Amino acid sequence: MPTQNKNESRRDFLKKSTALAALTIASPVLTKAGENDEKIAALFEQMPLRLEVNGVAHALSVEPRVTLLDLLREQLHLMGTKKGCDHGQCGACTVHVDGKRINSCLSLAVMNEGKKITTIEGLANGDKLHPMQEAFIKHDGFQCGYCTPGQIMSAVCCVKEGHANNAEEIREFMSGNICRCGAYPNIVDAIMEVKKGGQSL
Amino acid sequence: MINFDYIRTSTAKAAVEAKAKSASSQFIAGGTNLVDLMKKGVTSPEKLIDINSLPLKQITADAKGVLIGALALNSEVAENAIIKTKYPLLAQAINAGASAQLRNMATVGGNMMQRTRCSYFYDITMPCNKREPGSGCGALQGQNRMHAVFGTSEKCIAVHPSDMCVALAALDATVHITGAKGDRKILFTDFHRLPGDTPELDNNLSTGPGGQKGELITGIHIPANSFTKFHYLKIRDRSSYAFALVSVAVALEISGNTITNAKLAMGGVAHKPWRLSAVEKFVTGKTATKETFAAAANMAMEGAAGFGQNNFKIKMGKAAVAEALLQASQKI
Ligand SMILES: Cc1cc2nc3c(=O)[nH]c(=O)nc-3n(C[C@H](O)[C@H](O)[C@H](O)COP(=O)(O)OP(=O)(O)OC[C@H]3O[C@@H](n4cnc5c(N)ncnc54)[C@H](O)[C@@H]3O)c2cc1C
Ligand code: FES
Ligand code: FES
Chain A
142 MPTQNKNESR RDFLKKSTAL AALTIASPVL TKAGENDEKI AALFEQMPLR
192 LEVNGVAHAL SVEPRVTLLD LLREQLHLMG TKKGCDHGQC GACTVHVDGK
242 RINSCLSLAV MNEGKKITTI EGLANGDKLH PMQEAFIKHD GFQCGYCTPG
292 QIMSAVCCVK EGHANNAEEI REFMSGNICR CGAYPNIVDA IMEVKKGGQS
342 L
Chain B
99 MINFDYIRTS TAKAAVEAKA KSASSQFIAG GTNLVDLMKK GVTSPEKLID
149 INSLPLKQIT ADAKGVLIGA LALNSEVAEN AIIKTKYPLL AQAINAGASA
199 QLRNMATVGG NMMQRTRCSY FYDITMPCNK REPGSGCGAL QGQNRMHAVF
249 GTSEKCIAVH PSDMCVALAA LDATVHITGA KGDRKILFTD FHRLPGDTPE
299 LDNNLSTGPG GQKGELITGI HIPANSFTKF HYLKIRDRSS YAFALVSVAV
349 ALEISGNTIT NAKLAMGGVA HKPWRLSAVE KFVTGKTATK ETFAAAANMA
399 MEGAAGFGQN NFKIKMGKAA VAEALLQASQ KI
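Protein sequences appear in the order of chains A and B.
Take 142 as the starting number for the first sequence in our numbering and just add one per residue.
Take 99 as the starting number for the second sequence in our numbering and just add one per residue.
The set of hints was computed from the structure by calculation and includes no laboratory data.
Keep in mind that this is a model prediction, so the values were computed, not measured.
It cannot be assumed that every hint is accurate.
What the hints assert, rightly or not - Cross-link-like lysine to any residue pairs, in silico, SDA-like; alpha carbons within 25 Å at most:
1) 241/A to 174/B
2) 145/B to 189/A
3) 241/A to 105/B
4) 224/A to 99/B
5) 145/B to 188/A
6) 162/B to 334/B
7) 256/A to 157/B
Bound-form chain A, shown alone (with noise of 0.2 Å):
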């Protein structure tokens, strides 16, 4: 079976990786996390990266394996993007980059390399609030909130990509976001006051 192949073919790596810490650096700390396959591998698949979060910017180590989202949350702690499903199929994870909505839950961290990020942590102008999460809290546009980081931050892309022209497009538009509070009605009012006050976003 192939998984297993790939288990045994993982198990050389890590003994090589075991055994080149031992030779190169022979610190203890090392030799010891050696007895834990995990902790050595961690050591050893770690890549670079540089990007920009919310105008900051950072160069960290990353796995390859990691996501954007696990990214932001874990590493960034910044938690207001959310993990609804980890598969694509909610939009809690909605995030900007290089000013496009995506969901972060299905890209990896290490292809965002030199990307500007931008969260809903990134959205308000320090204490004044984006236009877009002045128009949720006027309309009401949330109940338990889970929803609500990937809604704004989606709707702020609908208004700009200029798929907010009315309420059935909006709609369309916004599908990539659920709310199983079903706060949708209130949602697309959000959005249509947004677009109709035409501020730049």
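Based on the hints, put chain B with the ligands in the right spot on chain A.
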């Protein structure tokens, strides 16, 4: 997700060479299908070759048609002025798929290469001949509401889930491919295949479960056409952000009230986009009436066979073909 090596490439040549060096490597474009499958453990490549920096994003038109780079985003294609005016069927089909966020990540090449959404394929505790040849097909006698009614085999009844590909099949597109042995072109309708005895092979680039020959799709060419009437009809469980139960792509030329040229393909009904060549011949020269469309719809579903839960697709398919023809013919 099992960890893996990751490299970035900037030319098609470098990507193909990197792929040749490691049998268990895979290209990654938008990642919307591959990352999902890796999280589920359906596929576990040892190396990912990131192809996003390859210069294959351009959409260029000339008198002969339009060439769309394999790395053009689904959203960029759907919003492109040339595509919207000359090939609106493609724009409509793309916008009927996934969500705005996913279309901002998904690429043309990745969309073609996406794997089936069959729940047995996705669940690694279940039998699936596509994922693990010889393990059996869980859907044959199981949950098969979403499954194929055309071109099935005893080994597999999965469908290809793409909307974009249905439009490309109808529009006589050609796939441009490059590999270690050079470049080749293949008709879009020959790109995907039927399951037969080897359902692990989705298309002409496949070598086995999750494996690919090491060839890279570089672009799609759509020949220029003079269709004036188009429609992509997609029927699904909710009105957006769901895979097709049945979909129909129609392109028509109508002169007076006579159909002078027609292209049709269906989605959600087979292991590949299902081109309706016989129906195209049948409607050509006929008047664009509901009677013609009803007869065409009957012809379209001839030979369809369900597996229990998906029997409804036969009736639905008929209604969808007739409705798509009607909608297209009424476009101004
Ligand atoms: C929740 C959800 C809903 C969806 N709904 C729909 C829908 O309704 N309709 C629809 O059509 N699709 C739908 N999709 C699928 C989506 O369209 C595909 O996931 C997407 O098109 C894949 O493109 P990608 O660039 O992200 O591919 P990736 O995930 O990067 O790659 C997919 C495969 O293609 C290979 N590949 C990528 N580029 C190339 C290339 N140039 N040459 C050779 N091989 C290549 C990769 O190696 C990999 O095997 C949905 C997806 C999700 C997650
Ligand atoms: S967490 Fe990303 S779409 Fe649900
Ligand atoms: S407000 Fe609760 S999920 Fe949307």
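Cross-check of the supplied hints:
This hinted pair checks out: residue 241/A and residue 174/B have alpha carbons roughly 11 Å apart, not beyond 25 Å. For the proposed pair residue 145/B and residue 189/A, the alpha carbon gap of about 17 Å is at most 25 Å, so the pair holds. At most 25 Å may separate the alpha-carbon atoms for a hinted pair to count; residue 241/A and residue 105/B meet this at roughly 24 Å. For the given pair, residue 224/A sits about 16 Å from residue 99/B by alpha-carbon distance, which is consistent with the 25 Å threshold.
A hinted pair counts as satisfied when its Cα atoms are at most 25 Å apart, and residue 145/B with residue 188/A qualifies at roughly 14 Å. As the CA atoms of residue 162/B and residue 334/B are separated by approximately 35 Å, the hinted pair breaks the 25 Å bound. The hinted pair formed by residue 256/A and residue 157/B meets the criterion: a straight-line CA distance of about 23 Å does not exceed 25 Å.
The structure is inconsistent with hint 6 alone, although it conforms to all the rest.
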